[in-house]
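Protein sequence lines correspond, in order, to chains A and B. Using my numbering, you'd call the opening residue of the first sequence number 1 and step up by one each time. Using my numbering, you'd call the opening residue of the second sequence number 1 and step up by one each time.
Just so you know, these hints were derived from the structure itself, not from any lab. One or more of the hints may lead you astray.
In the DSS-like style, the derived pairs of lysine-lysine whose C-alpha atoms are separated by at most 27 Å in a straight line are [said to hold, decoys possible]:
(1) B/K148 - B/K104
(2) B/K103 - B/K148
(3) A/K212 - A/K274
(4) A/K249 - B/K184
(5) A/K274 - B/K104
(6) A/K134 - A/K274
(7) B/K497 - A/K274
(8) B/K148 - B/K184
(9) B/K145 - B/K104
Output of the computed footprint for chain A on chain B, the stretches with three or more beta carbons under 8 Å from beta carbons of chain A [stated by the list, open to error]:
(10) 168-175
(11) 283-296
Since the model is a prediction, treat every value here as computed from it, not as a measurement. All C-beta atoms, glycine included, are put in the ideal place defined by N, C-alpha and C.
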Amino acid sequence: MIRITKGVLVPSITLFVITLSLFTIRLPLASSIPISHVIVVMQENRTFDHYFGTYPGANGIPPGTRLATKMIEGRATGCGSPRRLLEPTSDTSWIALHHLDTTRTPDPPHDEKTARLAVDCGRVDGLIYAQDQKNFSVDIATGYYDYLDIPYYWDLAQYYTLADNFFSSHMGGSFQNHLFLYAAADSPASGPGCPSGTTQYSCIPSGGMDLKIIFDELESQGVPWKNYVQNYHPEINYTLESARLGLDKLASQLIWTPPLGISRYVYDPNLNSKIQNLNNYFTDLNTPPNSTQSGGFPSVAFISPSGQSEHPPGDIVLGQLFIVNLLSALMTSQYWWNSVFILTYDDWGGWYDHVAPPRIDSSGYGFRVPALIISPYARSGYIDSTRYDFTSILATIESLFGLPALRPSGRDGSANPLWNAFDFNSPPNAPVIPSGQYPQRGVSKTESAFLVWLTYAGTFTVSIALLFGAAFTRRRGANSWFESVQVQLF
Amino acid sequence: MILVTLLAALLRFWNLTSLGYNSDEAVYAGQAATLSGDPLRSQFFSVFRAHPLLIAFLISIPYRIFGTTQVSVIEFWGRAVVAGSGTLTVSALYILAKVMYSKKAAVISSLLLALLPYHILVSRQVLLDVGLGFFFVVTLIFLVKFAKTGNLIWAFGIGISTGFAVLSKEVGILLVPIILIFLKLRNFLTLRSFLVMVGGFFLAIAPYPLATLQGGASGRLLYVFQWQVSRPPNHTWLFYLFTLLPYFYLVAALGVLGGLLALRRRTPSDILTLLWLAIPAAFFQFWTVKGFHYMIPVAPAVCLLAARFFDVNWARSFHVQLSRSVSPGTSRVFTTLLVLITASTLFITYTNVVAASQTTPLAGLSGLQGTRELGRWIVANVPEGSVFLTIGPTMANIIQFYGNRQAYALSISLNPIRRNPSYPAVYNPDYQIANGYIQYLAWDAYSGTRSPFFSGKLNSYIDRYHGKLLYTVYGTHRAGGGIVPVDLVRIYRVYGKLGT
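Isolated chain A (complex conformation) (with noise of 0.2 Å):
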């Protein structure tokens, strides 16, 4: 018989709190993970494979990937809506996937019912069928980008981690995953205010969301955070009717800061003093910790592009720069040494992937979109296949600050938080900004001047070899092919 004494049960009951306390609250790992700064930037309607499909080593196109471009709606069981199968038609044609020679294009449609066809209860083959649908250029959907269009995110993918198991958390468009960032989860795109009956994705309603997100957190636990807005303009939020509605191209900068579209951060001035120009990202990087002036930089830092998100029809090298400019600040402060970058997109902006999204629930996941973890302590040119998604990040920042999650039995509750991507045993990376010139790490631009070098050795031995050889052979009697003249001049 097993005697249970006080001496085994207090550690016993210390050490079960402890580990529950772990799974529920996420304690702090603070004390081992050399992490205090958070950058959060969301850039627009890509999919993983539209970006990184051909990167060495990556969960990619799959060779010989074809799609039929005439196909025909079936039945389908245990399939969410629309609960159709897409079958080829037999006069179909097939297209290859291909790389697009421009790095601008139109904008794919990519609302919820298309990417849902294009899923084809996940047979992912259904893209053409569903940009026909829209009369959507068939050729321009089924492109890819590679290397030589996007060098620099490329690049970091060798220094850093690229995630390739990343999911958008929302199978709908920009607002609905931009909530998901922040909230971990969506808000009815409906109430006072909006349309009835309208299928409308991005109508706030005019009093503005009643959504709980992480900035809240983080306030009450006095973390300091700020969301920076590239090109920011205070008076474009909820109580702008046009924003507010989604009716025009102001509408952008709400939907990508959905702070914007809550009351308290309009009108708290508090809050509200948080959301910021982007210009003082750099201001704040320059600032030291503990400087008096502004606090220095942020523990969390989101980032609201504008017209440099690479959504279509924005070039996508603008869209690189404007990250470059980001990271280029970071790593030359002093701030990068404990900081994670974490690079992600909003949608799958209506381009192919051939991973179906798991269903987690009603709305989610979308399509895979790429994702980079850029840190000193990021695993260098590492592929990281664990599952995640938007409220990954948010399960990160909850378990690095000690903050509970804002959805304990929803989805950040239950999201894998990066810690895969790091490897905080090995010394920290120097900071490499992306340089371009993509392929460069395990390249040697070596070989070609081994080669050269030989041919000068080679030749030089040979010359002197032969001076040596016919002075000796000369040396050695009246037989050398060296015939001596015998002029005497001087």
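Add chain B to chain A, keeping to what the hints say.
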């Protein structure tokens, strides 16, 4: 000979790496490092630039043996190979003078070259011209041997050595007219000897076309040629006279006297020495682009002529011709003069070249102050992959060599035939800074003095993008009878339009 060679070596190797590399040295050493298989420097220094690769190849041998991870190792061996060839030139001149004239002329000429401030100065830098000068002297040894014996082995040596001279630097081809004119004047040029020379020559220079074709750089070499012949003058007509004279000191005057006497005597040896002096000197004088170190191949000729002035046997015969008597004091006067000149040259060499080089700020004349420190700072503080913009290629080369970061120069012309094809031009620098392609601006005093226009342009970018001064290299400058501190290099961080 051994003592003279040791003296030459001492003056060329003493305190050899007290200063960091200048721009040209960085390029040649970087090229050699690339040849040796250095993956880091191969990112910034391509194998094929403006000149053949024999010297780079020779430097790459110790790089392969000792590695290129340590900057101090690269610096030492780069300079050591050149200093070694400078020292060997002294020994070779001894042999040549002995073959041409006498042992006394050999001792005096090699002693003068060993002490010559100009030759010492250039031999202490990673430049191609010292190796070129060495092969000049070796070729002439073979030529004299051939002229004396008629043995074709020496003709073969002439071809090989001339090829090596060309492979050191293209202007080695100036040996060809010297050789041909000399042999023609002596009526000693046969078809057989000519073919043997040509065979040796083409064997020696074979790596140049072979490696160029294999490396796919023939197009670049065409650009180099176009650029070289279209370069505008960079110095005045009197550049060599006024710039080099202080570095030749009294040897120049003695050389002139020796030259006049050689003209009067016109022996085969005198003719050869005069050709050796006149053809390269005339070429460099008429060539639009002038360089401090270009005259290195003729420096031994000047010393040889100066030595002839001291050659007592020759002096006696000269005096016999004039006065039919040689006073016993004449020899003593010449000996005393030689000792005085030697001592004063040694003093000048030591104070102005070896010991004083630490305060010499001009590139091309010596190493540069602060370049190593700048490189260390960049490696420690500037992220890999960062891009710099400089005023001119001088600082760009140094940043790439010591800092291992990409650097572009404002002053590089956008017109491909108006620039050295080795240097990439920076298109629309304003755009590149604004969009974050370029993150650092580097101003330096040397380029600022040479190119006030581009210095002003760089300063305008510093102002427009609120450049944050991160690092300054301080140096010293002689002014007002004293030494005053000056900013040699300033590094600024710019954040493009997002940060303004």
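Self-check item: Index of numbered hints that the structure contradicts, given in increasing order
Solution: Going through the list in order, the structure violates hints 4, 5, 6, 10 and 11 and respects the others.
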